[in-house]
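Required output: the full structure, derived from the provided sequences and hints.
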Amino acid sequence: MESDAPRYDTLLVLGSTLGQWGTQSWHPRLIPDGPLIQVDINQGAIARCFPVSLGVVADVGRFIDDLAALGEQRAADSGLVAARRAALERLKTETSPFLDPDARESTRAPILPQALMKCVSESLPPGSHVFIDAGNCVGWSLHHLTLEPPTQYHIGLTMAPMGFGVCAVIGGKIGAPHRTCLAIVGDGAFLMHGAEVSTAAQYGVGAIWVILADDDMAMVSQGMNYLHPQTSGWPEAYRLGRADIVQFAAALGADTYPVRTVDEAREALRQAQERAASQRKPQVIVASIDRSEMPPYYPVQTPKP
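With positions in the sequence shown counted from 1, the corresponding number in the working numbering is that position plus 36.
Everything labelled a hint here was simulated from the structure, so no lab data went into it. Incorrect hints may have been included.
The calculated label-pair distances, taken between Cβ atoms and stated as ranges, are [claimed, not checked]:
| id | residue 1 | residue 2 | range |
| --- | --- | --- | --- |
| 1 | S114 | P294 | 54 to 60 Å |
| 2 | S114 | Y334 | 37 to 43 Å |
| 3 | R275 | W57 | 20 to 26 Å |
| 4 | Y274 | G211 | 33 to 39 Å |
| 5 | T131 | P197 | 33 to 39 Å |
Computed list of lysine to aspartate or glutamate pairs in DMTMM-like fashion (alpha-carbon distance at most 20 Å, straight line) [to be verified]:
| id | residue 1 | residue 2 |
| --- | --- | --- |
| 6 | K128 | D138 |
| 7 | K128 | E141 |
| 8 | K317 | D299 |
| 9 | K317 | D291 |
We treat Cβ as the ideally placed atom computed from N, Cα and C, and that holds for glycine.
So, in structure tokens, the structure goes:
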């Protein structure tokens, strides 16, 4: 255990398998000083990766409702409640929830991923389904998308397979044909599984893909450059060969939109949603992003006021 690791008394885990990807290879920092309680509807997930003090097999929503009902039976400590409310108010008024809030407002070209996530958030109607692939799109979307119920966010981090979002958005749209279904994917994953666009075209499935195009397996190249800076050549090691993804998607039967600016992204998202609904045709937005930007994975990055 790291000597400077934060200490806490209890950890309550709700609906997570605590797999390798989501726990940074089962980091010991997750082990509390006191009990670890894990709640999951799947009994097989409990205590699979960490020793637990209490395992609860239950639907997470029902568990939270029952926990809230039990809490109402106890008298609140007015001093602690006031302190917590004051702390929350400071967080809301004195700091930004984003590591780099200025980047979300940027109008630079190529478009910054942070600004693109803001465009996506603002464009989606309530009740949309958003599918996230594996790669840097995870970091960008988890940190910079701002979504509210009934919009749903779907991500596969137990195994974090590249191509999950590319394909899942088609099934999502088939299952919810009257909802906007949009996937955020990297160009690497799209080149692996983008041929599934032809399936959407054949069966009249109006799914939408937003592709973060930087001609790079950026999570790998940026991560290796960060972890092993003494080794040269990482920025060039995982380039994708400058594939023309716009033409690739169009050949598979999609409407396509090359995007480099915030204004272009907003207009492409508007048109894509209209055509997906009215024409039942796949829509592919290829956003050329600034490849120098890194998602908020690494401890060198600190929040800005």
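*What hint numbers does the structure not satisfy?*
8
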